[in-house]
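Chains A and P, in that order, give the protein sequences.
Residues in the first sequence are numbered consecutively from 1, following my numbering.
Residues in the second sequence are numbered consecutively from 124, following my numbering.
In short, the hints are calculated from the structure, not lab data.
Please note that a few of the clues may not be correct.
35 Å max Cα-Cα, derived DSBU-like pairs, lysine-lysine [said to hold, decoys possible]:
#, chain 1, residue 1, chain 2, residue 2
1, P, LYS173, A, LYS57
2, A, LYS30, P, LYS263
3, P, LYS173, A, LYS41
4, A, LYS41, A, LYS30
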Amino acid sequence: MTSALSITRSVGAPRAAFVDFPLGHTTGKKNEPEMQKRLIKNALGAFQELQEPGGIKFLDERWSDDSAWRENPMRGRESKADGPGDDFRTPRLDTPQYQLPSDKAEAEAQHSQGGCGSCVGAE
Amino acid sequence: MSKSQTGEPVDYIAETRATYDALGFPPYQWVESEGTPPWSPAEIPLEDAKVALLASGGIYRRGQRAFHYKDDASYRVIETSVPNEDLRISHFAYDVSDAREDPGVVFPAASLRSLIDEGSLGSMAAEAFTFMGGIYSARKVREELAPALVERVVDQRPDIALLVPV
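Looking at chain A on its own, in the form it has when it is part of the complex (with noise of 0.2 Å):
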């Protein structure tokens, strides 16, 4: 499944189903499970529907009835509002970043005794 058209014809994927929707939402809107699960179904239908390598199904489901979400499509990066010349990029952090403080101290009490098995080329 694809939300950046453009990405995934120059990556030349075998087959895909494109979404329509902004980044971060390739399969659905949040607390939509219904609208969920009949976009995943759609997708897999491209399975049995795209019979040439690089076919692209492309999904009817709307973000929205107007395309305001199209002019910042990436959001939470600040790039436009802020305009050209400050770096939007979030700074290269190589420790791990938690989503919760709390991850950090149970993932830390799991490795505790060594390599999880799960965490692969994360020891």
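Keeping the supplied structure of chain A fixed, place chain P upon it in accordance with the hints.
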């Protein structure tokens, strides 16, 4: 002026190029594959198919290490029975607020489970594989991460594989 109601898909390659230009950076080198993409027909009906799940949205499970923001080419193994409440997100290149509230927007294990429950999908591999797509070294992905993931996925003997990038 707003664009039309439907609008054209956002061209992220052009957007990134323009942003890098404005910042005075050298052009970002997107992967451009040549030739026809690899292809295997999916010969099994979805109702009978076993699906493997891979996702690049920086998803980890409670108890696992989070991803870091400097060419992190590691991956996590997450059991596909995982409840959404145990999933977490670390990624620097997209707005993660909705994904943190509902990981189902980037990691569809719950949706796949309910498709299996209703009979429209056969089954799901026991383990999903996640990584953080903000990896600047295409070589690292091509030569290290991707082959490792392919091996893990093939080990689970799925019929089809669903990749969910962000």
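Problem - Violated hints - listed by number, lowest first - result: Those not satisfied: there are none.
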